[in-house]
Structure formats: C-alpha cells, structure tokens
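Enquirer: For reference, the chains in residue letters:
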Amino acid sequence: MSNYMVNLKINNIPVSVPEGSTIVQAANKLNFRIPTLCFHPDLSVAGNCRVCVVEITGARALAAACAMPVAEGMEVFTNSAKVRTARKHVIELLLSEHNADCTKCFKNGHCELQELAAEYRVGDHVFLDLVKASDKILDISSPSIQKDNSKCIRCQRCVRTCEELQAVGALAVACKGDHQRITTFMDKSLHNVVCTNCGQCINRCPTGALVERNYMEEVWDHINNPFKHVVVQTAPAVRIGLGEDLGLEPGHRVTGKLVSALKHIGFDSVLDTDFTADLTIMEEGTELLTRLKKAIVDKDETVTLPMTTSCSPGWIKFIEHTFPELLPNVSTCKSPQQMFGALAKTYYAQKKGLDPKNIVSVSIMPCTAKKFEANRPEMRASGYQDVDYVLTTRELAMMIKQAGIEFTKLDDMHYDSIMGEGTGAAVIFGATGGVMEAALRTAYEIVTGREVPFNNLNITPVRGMEGVREATITITGTRPEWSFLEGVEMKVAVAHGLVNAKELMTAVRDQKASYHFIEVMACPGGCLGGGGQPIPTSADIREKRAQAIYAEDEGLPIRKSHENPEVVQIYKDFLGEPLGHRSHALLHTHYKPRKRY
Amino acid sequence: MSKTETLVRALVDKHGKSRNSLMPVLQGVVKEERYLSEEAMLEVARELDISAADVFGTASFYTFLDTVPRGSYVIRVCKTIACHMAGKDVVIDALSDMLKIKVGETTVDGKFTLLTANCLGWCHKGPVMLVNDEVFPQITAQKAVEIVEEYARKK
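Residue numbers (the numbering used here), protein chains in the order written: chain A, 214 to 810; chain B, 97 to 251.
Don't read these hints as lab results, they were simulated from the structure.
Computed from a predicted model, the values in this text were never measured in an experiment.
For glycine and all other residues, C-beta sits at the position ideal for the given N, C-alpha and C.
Any given hint might turn out to be false.
Said to hold, decoys possible - Sample of chain B residues with no beta-carbon within 12 Å of chain A, all distances over it, derived:
{"no.": "1", "residue": "135"}
{"no.": "2", "residue": "155"}
{"no.": "3", "residue": "189"}
{"no.": "4", "residue": "196"}
{"no.": "5", "residue": "200"}
{"no.": "6", "residue": "205"}
Unchecked claim - Taking lysine-lysine and the PhoX-like style, the derived pairs with C-alpha atoms no more than 20 Å apart in a straight line are:
{"no.": "7", "chain 1": "B", "residue 1": "175", "chain 2": "B", "residue 2": "113"}
{"no.": "8", "chain 1": "A", "residue 1": "389", "chain 2": "A", "residue 2": "349"}
{"no.": "9", "chain 1": "A", "residue 1": "295", "chain 2": "A", "residue 2": "222"}
{"no.": "10", "chain 1": "A", "residue 1": "441", "chain 2": "A", "residue 2": "565"}
{"no.": "11", "chain 1": "B", "residue 1": "113", "chain 2": "A", "residue 2": "715"}
{"no.": "12", "chain 1": "B", "residue 1": "175", "chain 2": "A", "residue 2": "389"}
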C-alpha cells in the first residue's frame, strides 16, 4: 500500500488513510461498520452484492464501499436515509431469491444474511419470492460438502476461494441474469468433479448454500446405544479452534475442556489423534530416510524424491487430479486420522478385549475432506470402515451446546489411554510447517543422535504464513549407520493453500526446484485454517490459532514424536518396527490418479 | 486424436494459450461443430490450463455458445419487444409447423434447430431471423418458410 495519505470525511468526521484504501477500510478506522456480504478479507474484491453501498457527495449513484477507493476530499455518508433505504432493499432483493428456510437451516444462527436481515428488520415479502423449485434440490453427492442452490446469493466468495486460494476451480459462475448460478462443470454433482472437499468455500459462504454434511445425529445414536463402544479422536487443531464457537476469543487453548466435554457427551473413550500424528512421524520419517538411503547408497533410480507428506486429504485428492504423475512422490503413510482408525479396530480392540464390530470410531476434525477420506475404499484396513464418522470442530461445538454443557466452566481433563498420549511434535501438525518440524525433530535425532540444532527445538524457518517456505539443514556428526548422510544438505519446502502447493509442485514437476522433503497442507494456515474450523476466518484469526498451537507445543513435557511412551509401546507390543509388516498392512496405502478434466 | 481434439489444438495454436484466447477458441469450435461438447470443453480447459468449470461457466453465459447439440442450421428468431410487436410469433409458429419441432428442439435429421434470441439489433427492421450467421430482416411467415426451404435443399 502506498505511503501517500488521502484525506476524506466519513459521516462528517475527517480521516486520513493510505492511498488505495477502500471506503470500508477508511470507515473501519473510524469504527463505522459497513455491512458486507460478497467481501472477504482473504479474497479479491467482487463488489457484486451491493450491501455495502454508501453515499458520496456529488456522485450520481451510491457506491460499493468494499470496492471504491478513497479520494482526496471525498465526503462519504454510511448511514444516510438514502443509504439505509437502498441497503434494506438490497437485502430484501437478496432474500427474494433466497430460500429463507432459516429455522431448519444448518447455518441458523451463524448466517451472515440472516444477521443482516435481523439488523435491518426487512419487510415481509416486499418483493415476490423468486426461488426456483429446481434450486431446492440439494447436492448431497459428496460425503463432505452439501450444496443448496436455493440458499445461494451468488456473492461468489466460494468461486473466488476455489480459484484464488485453492487453484482448484471446481466451482464457477454459469449463465446470467435470473438464470445465474454457481455450479460445477456441466452441472455435475460435487462428488464427480475436481472438488478436493477442503471446505474452504464453506468457511467463506455467508449463507447456508455450502455447508458440511453433518453426522451429529448418527453419532448421538451410537453414543446412546449401550451395545456400542464409541471411541473418539481429536485432531491437533480442534483444541485451539473449538473455543471460538463456544464464546471464547481466537487463540484460546481448550484441550482439557475439550476432553471434559467429550466425556460429558458420553463417548466411551476420549483419545487423541496426536498419538497417531507421532506414529506418522515414525513411519514417515523412516520412509524418508529409507528413500534417501536407497537413492544415495543403493543408487536405486526407481526411488522417487522429493517425498511429500500425505496427512492432508484435500492435498491428496488435489494431487490425484492435478499431478497424477507425481503420486509416487507422496508418502505411503496414511493420515493420522486413518492410522488411528485402523488401530482403533485392531490394536485398541485387542488391548481392551473388544469386538471391533462393536466399536464405533468417531473423529473430530478441523476438516471436511476428512469425511471423504474416511469413506475412501482404501481406508478399510481393519476389516471394517476404519473411521466411521467424522465431525467438524463446528459440529462438535453444536453437540456440546445440545448436551447443555457450559463449556467455559468445565474442568480440564486428560485423554484416556491407550492411544491418548501425544507430544508437542504432534500438536504442531495443526499448523502449516508443523509436520515438517516434527519430522525433522525426530529424523535429525535418529541420524545424528543429537537434537535438531535450533533453539528450544523450535525450527523457525519452516514456521510462518508465507505461502511457500524453504529451509536447508546440513546434517553433520552422523551415527555410523547413517554416515551416508554426512554433510548432506537436507532441502525441505512447505506449502499451504493449494494455490501455493500447485506453484511448488509445478516447479518440482518441471525440475526447476529440487528438494528432499515437502510438506503440503491443503488449507491456508494448515489444519488450523481447515474447512471444518469455526467461522469466520481471516489471516489475523489464523495467526492467533498458530500462536496457540506453538504455545501448546512448548507447554508439553515431551516434544519429540519418538519419545511418546505410547508410540514406543505400540512398536514393542504390536507393530514391531516402522515400515514393518503390520505397519505396512495397517498404516500405509497408495492413491490412484483421477481425471482433472 | 479425435476430431474434436484436433480442432481444439488447431484453434489454440492459432489463438494462443492465454486466458484471452478462450472466447475465440470456443467460437471456433461452435463454428465447426455447432455446439460445445463436453469433450470439446474439457480439451479447451486442458489446453489453456484453466478449470473446466470456468470454461463451462463462460460458455453458459453466451447464448451463441451452445452446450447442447444443435443442427447444421441454427435458426434464431428475435423474441424481444420490437420484433414481438412486428409479429415474430407468427414466424415462429410457421417454422415450428414446417420443421415439426418446438422452440429449443432440433429436427430428427439434425439439420435444423429452432431457437429464439434476445435483441439482434435489427429493431427497425423486425421481425428478424438469423440462420447461423446470416441475417434475414423484415420477414413474414411465408418468407421465413421459403428461406428455410432454400437451406433444406442445401447439403
């Protein structure tokens, strides 16, 4: 933004803002809130909903404050009679094409359009109801995302999200005028197009047009069934996001209360995805070292490097569609959720003396793509569907409210055992760069016998919110069995948000960049900014969540995956060794190319 | 390589791979194949490295970029107010009677499609009819039928 300051008046109050600012930004500086719908801080400006109209002295028509840049001497009125009438009409017109089925809508109470309608006290049927019957047919083809065109106000936040943040382009605007709609290629169902199920569109949809497929009732049914043993796992990013939906500010860590709430709800065993995140590090770290050994020592040309992470199911589906030729680069490790699922119905069942067919495995995820992942045919290693139901952070918050639990007053509780122990290395899986950092903490120590050479284990070069980050770590002082890595400069890269992943992987594919290890998270900020996290989201909110993640890591007694006592135990009792026979059967998989076009 | 793939690649070679080429490429396909098949749109998306939904979205915006199969001769009668007042309904009825199809349909032999169009800019000489790219102003029911009969005699 320019250093040149522009002076203007808003509601007769002088304000000075940098050149290029919009009227909305200038008004914010004076604490005048101008309502917006199509505007989102993460996206380009569209200016199509017209809710933000303001009056500018001397201008012929009202202007969209989200799109109009300030000018020297400009006089803006954000709340004149003309503005209020126009704004109210805009909301009423939007509602005339909106299926205002509010009481039955999943977004009831969380809907930006509903809030505006309440704020402006819109009239009753001022305009004819124009919702088409055909638009009321829900697209529930995807196990992750539900699309309801009758609730769409065509603000196109989803279209911009899918293109600008994710480079997926599953959604586009079709037709024009009263036929205009947000749709997929040839109006195919969401399940049959390039959609990665990342749910970023849901995070930004101002209405109930795009929401997650919710499975709360099914989970309640199982909890209330005395013959079922319902286990629940919670992903790292849930503990730093959940509070936002339950009255707390962003960046609040609620791990102990989360466990308490799940026990109050009635889950038979409250366990932690962090356990399998640590296990992932053991498997993935070993896989990486094995690939390096094969490449460097055995000169095996079939070994594919760089190796990329495989934790993010949005990323997996993206690479299946977009870079099928790079699938061999993806680690064969399943995601922590799926490792947990496979072990819950085998290892856990054995240890607890349970019949796996009576175990219902539920996971609480910051993610909508996890719902799709749980339904993948590859994810039935236990002989059953490994993870039965996936709930988003938002769904859990709703269940906590339904259960009448006063969340903020809960006492802190600890996860159950077994499979409830996690380290700081697992917690940081929730932030972009976290898997990389956790893997380096362990791999470096395996190879050299020493801790990573970073202050307090904090590998800061891989942290932060830059879209693509690179780091180089020189390995020195190796143990004899890893001497082939002596002096090797480990080159790693981290990308978050699929638009950045696409840029990084294009460079890899075209051999314009070379790395050993790449971490990719589909969502901006990593899982903390996942499609299942509390709404709203912004760079500022994601930054606070990241700080909470790293604070949680620093606060834990064990911060390296290989030191997780339950991980040590499972290798002793059940798995044998990383990449061993049992690991291979339960914890690893392969993915298949999908059509991009 | 299929006929459509060859066509799309030739068009992309001619117009370039930038986003700006999307319109001329789509128009080129429609000119040859009378409509944009799923295959054609996917091929355009691949060649220009843009999303398939984006190609479909663009195509669906323009009335003249059809995404459903059309006949060799696409007849469009202007339906907007000046042509309406000048008697476009009689013209449409006559064509519909003659071709045994309703508006939006294509004859079984795949030769003619009958459509209406928004303003074609010939308000002073309505009603106006378009057959592919050829304009026929101030038509009557009889003239319209004669013109289409003329096309029917062509290969």
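Enquirer: State for each hint whether it applies.
Expert: Against the structure, the hints:
The Cβ of residue 135 of chain B does not lie farther than 12 Å from every Cβ of chain A; its closest approach is about 10 Å, which violates its non-interface assignment. A beta-carbon of chain A is positioned within 12 Å of the beta-carbon of residue 155 of chain B; the least distance is around 9 Å. Every beta carbon of chain A lies more than 12 Å from that of residue 189 of chain B, the smallest distance being close to 25 Å; the non-interface claim holds. Every CB of chain A is more than 12 Å from the CB of residue 196 of chain B (nearest about 28 Å), matching its label as outside the interface.
Under the 12 Å C-beta cut-off, the non-interface status given to residue 200 of chain B relative to chain A holds; the minimum distance is some 14 Å. Distance check on residue 205 of chain B: its Cβ is at least 26 Å (rounded) from any Cβ of chain A, clearing the 12 Å threshold; non-interface status holds. Among the hinted pairs, residue 175 of chain B with residue 113 of chain B is inconsistent with the structure: their alpha-carbon atoms are about 36 Å apart, more than 20 Å. At most 20 Å may separate the alpha-carbon atoms for a hinted pair to count; residue 389 of chain A and residue 349 of chain A meet this at roughly 19 Å.
A threshold of 20 Å between alpha carbons decides the hint, and for residue 295 of chain A with residue 222 of chain A the separation of about 18 Å falls inside it, so the pair holds. Our distance criterion of 20 Å between C-alpha atoms is met by residue 441 of chain A and residue 565 of chain A, whose separation comes to about 14 Å. For the given pair, residue 113 of chain B sits about 19 Å from residue 715 of chain A by alpha-carbon distance, which is consistent with the 20 Å threshold. Taking the CA atoms of residue 175 of chain B and residue 389 of chain A, the gap is near 17 Å; set against the 20 Å cutoff, the hint holds.
Of the numbered hints given earlier, the model fails hints 1, 2, 7; all others are met.
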